[in-house]
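Participant: Each chain, written out:
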Amino acid sequence: MAADQNKMTNKCINIFKIAILTILLALVLPVFAAEKTLRVLAWPGYADPDVVKVFEARFHSKVEVTFVDSDESLWDKMHAGHDNTFDVVAANTVEIRRYTREGLLQPLDLARLPNTRFQLPRFRALSSIGGLTRGGKVYAIPFTYSAMGLIYDRKQVSVPPRSMSELWNPRYRGKVLAFNSAQHNFSFTALALGVDNPFQLDANQMRRVARQLIALRRNLLSYYSLPEEATRLFIKHKSALLFANYGTQQLTQLHKAGADVGYVIPEEGAIAWLDCWAMTKAARDPSLALAWIDYMLEPAVSRLLPERQGLANTLTSPPELSDKSRIIWLQPVEDVGQREALWGKIVSGNLPERF
Amino acid sequence: MRPGLTVKLSVLLACIGILASGVTGYYAYSTNQSLLVNEAERNLLTSTELLSQRLSTVLNDIAADALTLADMPSSAKVAGLDDLPGDDAAKERLAQVFGTVMRLHPQYAQVRLISRQQFGLEQIRFDRDGDRLVRVTGSQLQEKGHFPYVFETLALAPGRVYVSPITVNHEQGAHSAEGAPTLRLATPVVTPAGSVVGVVVINVRLKSLLDAVQSDLPAGHQLYLTNEWGDFLAHPNPAMTFGFDKGRRLLVQDSYEQTRPLFDKTRTSVLVNGLDDPQRAKGQILAFVRTPFGLPENHQFVVLGLARPLEDVLRGGKSLGESTIQMVLAFSLLSIVLAVVFSRALTRPLQMLTHAATSFQTRHALEALPVTRTDEIGVLARCFDQMRKELKSHMEKMSQNQQELRHLAHHDSLTGLPNRMQFFHQIERAIEAVAESGLQLAVLFIDLDHFKQINDQMGHAVGDQVLIVVAQRLRSALRGEDVVARLGGDEFIVLIKGPGIVTEVPVIAAKILSALNEDIMTHGRRLQVCASIGISLFPDDGVTAEELVLRADSAMYKAKVNGRYTFARYQAAE
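The listed protein sequences derive, respectively, from chains A and B. Each residue of the first sequence is one higher than the one before, starting from 1 at the first, in full-length UniProt numbering. Each residue of the second sequence is one higher than the one before, starting from 1 at the first, in full-length UniProt numbering.
Source of the hints: derived by calculation from the structure; they are not laboratory data. Treat the hints with caution; some may be incorrect.
[What the hints assert, rightly or not] What the simulated footprint calls covered on chain B by chain A, stretch by stretch (three residues with Cβ under 8 Å from a Cβ of chain A suffice, anywhere in the stretch; the number is not a length):
id, region
1, 147 to 154
2, 339 to 350
[Unchecked claim] Facing chain A, according to a computed beta carbon distance under 8 Å, are these residues of chain B, among others:
id, residue
3, SER139
4, GLN142
5, GLU143
6, GLY247
7, TYR557
8, LYS558
The structure presented is a predicted model; accordingly, all values stated were derived computationally and were not measured. For every residue, glycine included, the Cβ atom is placed at its ideal position computed from N, Cα and C.
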């Protein structure tokens with residue numbers, strides 16, 4: 001009888017304990033939920049509202065996305081100070097290298113990023129991509145990229161070009177479009193000339209490349225700045241070749257405009273930018289930040305890059321690219337100022353004897 | 001204290017008055033403002049359209065200069081690099097002409113002759129460097145074949161003029177034009193055989209162009225210019241211009257949403273004003289006009305805009321605004337006064353009614369009422385007056401009846417003398433009054449002798465007449481302060497008060513007896529009545545009314561026994 005009573009009392013106490021715990025949890029949980037905020041610094045198209053919404057629901061968190069439109073504004077936001085810090089950031093390999101050196105990023109635990117297993121081998125060999133690792137630790141995970149290949153008009157160019165050198169072919173004089181920017185033009189021209197490291201040119205190589213760029217200028221119809229401008233000129237002036245600074249995005253645009261064009265990665269290789277996700281040192285909730293990076297690599301999310309942005313993702317190879325295509329990820333160049341000064345003279349039409 | 005009807009009505013009427021004048025004033029003011037702004041908008045639109053025409057004129061003038069230079073026969077020779085004798089001299093003469101054009105037109109930043117051959121190498125080139133004219137020669141000349149103003153112009157028919165988009169000139173070595181927003185006009189140079197061998201290009205700095213366009217614009221006007229996508233090229237704030245050149249689009253559609261139709265080509269002009277849309281165009285009115293620009297087949301255009309401070313426009317309406325405010329204030333004041341007067345006039349008759357009702361209630365006084373009014377208040381007053389009068393007459397009648405009833409209750413209806421109840425009441429009061437003073441009272445019980453026979457033999461009418469006469473005689477035989485009452489039948493009773501009555505009572509009794517004993521003439525007959533009187537004294541014979549009356553009664557019987565027509569004093573010992 002007494003034992004029974006004891007049992008009853010114990011049971012009552014247990015129920016009481018559970019009730020108290022439940023009430024406490026109910027009181028405390030919303031507070032935690034409200035505090036779980038992830039601040040994302042990214043480029044337009046990387047974190048669309050629907051994608052963000054799914055993440056918020058799945059991880060019971062709030063995501064604040066800030067978009068940037070240039071490397072410079074990205075740099076400014078990363079250095080804005082304590083009031084305006086971010087947990088995760090999307091930046092290209094060159095910028096990631098700068099931020100890692102400055103100690104703004106923290107290493108990533110690959111074991112907590114299981115979706116990296118879906119990535120192509122090219123992107124899993126992280127140490128082969130300059131700027132992503134430092135001291136044996138991984139600081140960023142590739143997310144999206146665009147290779148600057150060559151677009152050609154199938155009617156005028158019957159055999160797909162194998163090298164960027166085709167841009168200099170006098171057959172296409174006045175039918176070539178190039179991009180108006182210093183760094184990439186020097187790099188791809190150096191590649192076409194067979195230079196090993198197109199990002200680190202010595203004085204001699206620099207002179208050769210500059211003269212080669214003048215030769216390219218003389219073979220051009222014009223330079224373009226925006227993809228829309230390139231499409232308009234290409235159609236209006238029946239161009240034959242186009243240096244695709246914006247990659248496959250431009251191919252899509254030209255197809256839409258009715259052009260019969262092809263896209264090739266030259267055999268000497270195409271330079272490409274590669275945007276990666278990284279976690280800042282200021283990240284308040286590393287596991288949530290890692291969850292975001294892993295989420296970005298989910299097939300359903302990464303698939304949106306080609307679908308919506310015309311960009312390539314790191315999970316599937318676009319039809320224009322094979323595993324053998326040589327892609328050279330952007331690296332910091334030896335002297336930006338020098339390249340830009342030279343470029344200014346080239347684009348203004350200075351005669352070769354003035355170089 | 002709660003405000004009365006007058007105050008409430010005053011406040012209500014005053015509020016209505018103030019509201020009415022305020023609303024009227026506001027509408028007058030805002031209508032006037034809208035009229036002013038509409039007028040100013042029309043004027044501004046006209047100014048902007050004129051500006052647009054002026055821009056076309058200025059561009060045509062520049063185009064004419066370019067065509068003149070291109071038409072010179074030596075231009076084709078120099079551009080075509082013809083190897084002719086005296087070539088250099090011809091080139092120098094042509095260069096002098098180019099130089100003269102530059103000198104005559106300070107707004108030109110560059111004038112050039114560019115050949116199709118040699119990758120678009122410049123053949124003749126004059127730059128402006130500050131105020132200085134610079135001729136660029138030799139290896140300083142540049143290849144321009146890859147610029148749209150060259151390759152697009154080379155594709156044009158003779159006599160046509162290419163107008164470039166307005167962009168920042170990034171061509172190095174262009175002296176003053178370098179880094180400045182620039183417009184280029186170019187026209188093909190054609191040989192007599194009809195082949196296009198080069199182009200004449202005139203560069204104009206946007207600033208010079210706009211200065212020329214807006215030279216006669218009134219002060220206070222601000223100029224806007226955008227390209228066909230809406231990018232600002234001219235803006236009162238220079239930081240807002242050429243955003244696209246710095247990798248950032250700054251569009252007029254974002255600043256002024258209403259300008260969108262200009263760019264989807266549904267409208268050619270748009271007006272924006274800060275009065276209707278204060279959020280977008282704060283304190284301004286603006287007019288935007290789409291202006292064709294360049295070759296018609298390219299469907300290019302720019303958007304010109306002019307802005308004026310809204311304050312300038314509304315200044316004219318300011319005095320009206322002030323007088324409106326004054327008027328509104330005056331009318332508000334007037335409406336307050338009128339409200340007070342009117343509500344008092346309305347409530348005064350009501351107050352009169354209230355006053356009349358109150359004083360009627362408290363004092364039954366008939367105060368004046370506004371009965372002469374012809375309105376509803378007059379009807380109410382008349383009804384009330386009627387009601388009041390009826391009420392008053394009813395009340396008077398009732399009080400008379402009450403008095404009569406009271407008299408009946410205390411008096412004998414036949415003789416008018418106090419009745420038994422009244423007598424006992426009086427005697428009790430008299431006992432109370434003399435109890436302390438030690439004075440005496442006397443009660444005289446009077447019974448008529450043989451009255452029954454009178455009644456029986458001569459009828460009740462005679463009996464009644466006799467009783468009335470007896471009552472009159474008793475009354476007149478006594479002093480005013482003595483009380484005479486009829487107890488019933490032929491019994492009367494008298495109360496005598498005053499000092500020394502012990503000695504006076506027999507005298508009074510004798511006087512009564514003799515007064516009663518006189519003949520009474522009634523119904524033509526002579527009658528003689530006599531009476532017996534019993535006397536009791538206070539406090540000697542009793543201290544209560546009942547005792548005194550009882551003892552006087554028994555004394556009266558003694559008098560009757562003693563032989564009627566006499567009086568007897570109560571004797572306790574008997």
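Participant: Please go over all the hints and tell whether each is borne out by the structure.
Facilitator: Here is what the structure says about each hint:
Judged by the Cβ-Cβ criterion of 8 Å, the region 147 to 154 of chain B is covered by chain A as claimed, because 3 of its residues qualify and three suffice. Coverage of the region 339 to 350 of chain B by chain A is violated [criterion: at least 3 residues with CB-CB distance below 8 Å; count 0]. With a cut of 8 Å, the hint placing SER139 (chain B) at the interface with chain A holds, because the nearest CB-to-CB distance is about 6 Å. Here the hint on GLN142 (chain B) is kept, as its CB sits about 3 Å from the closest CB of chain A, short of 8 Å.
Below 8 Å, beta-carbon pairs count as interface contacts, and GLU143 (chain B) has one with chain A at about 4 Å; its hint therefore holds. With its C-beta approaching chain A no nearer than about 6 Å, GLY247 (chain B) sits inside the 8 Å limit, and its interface hint holds. Checking TYR557 (chain B) against chain A: minimum C-beta separation of about 108 Å lies over 8 Å; hint violated. Contact between LYS558 (chain B) and chain A, as hinted, is not supported at the beta carbon level, the nearest pair being about 111 Å apart and thus beyond 8 Å.
In terms of the numbered hints stated before, the structure departs from hints 2, 7 and 8, listed from lowest to highest.
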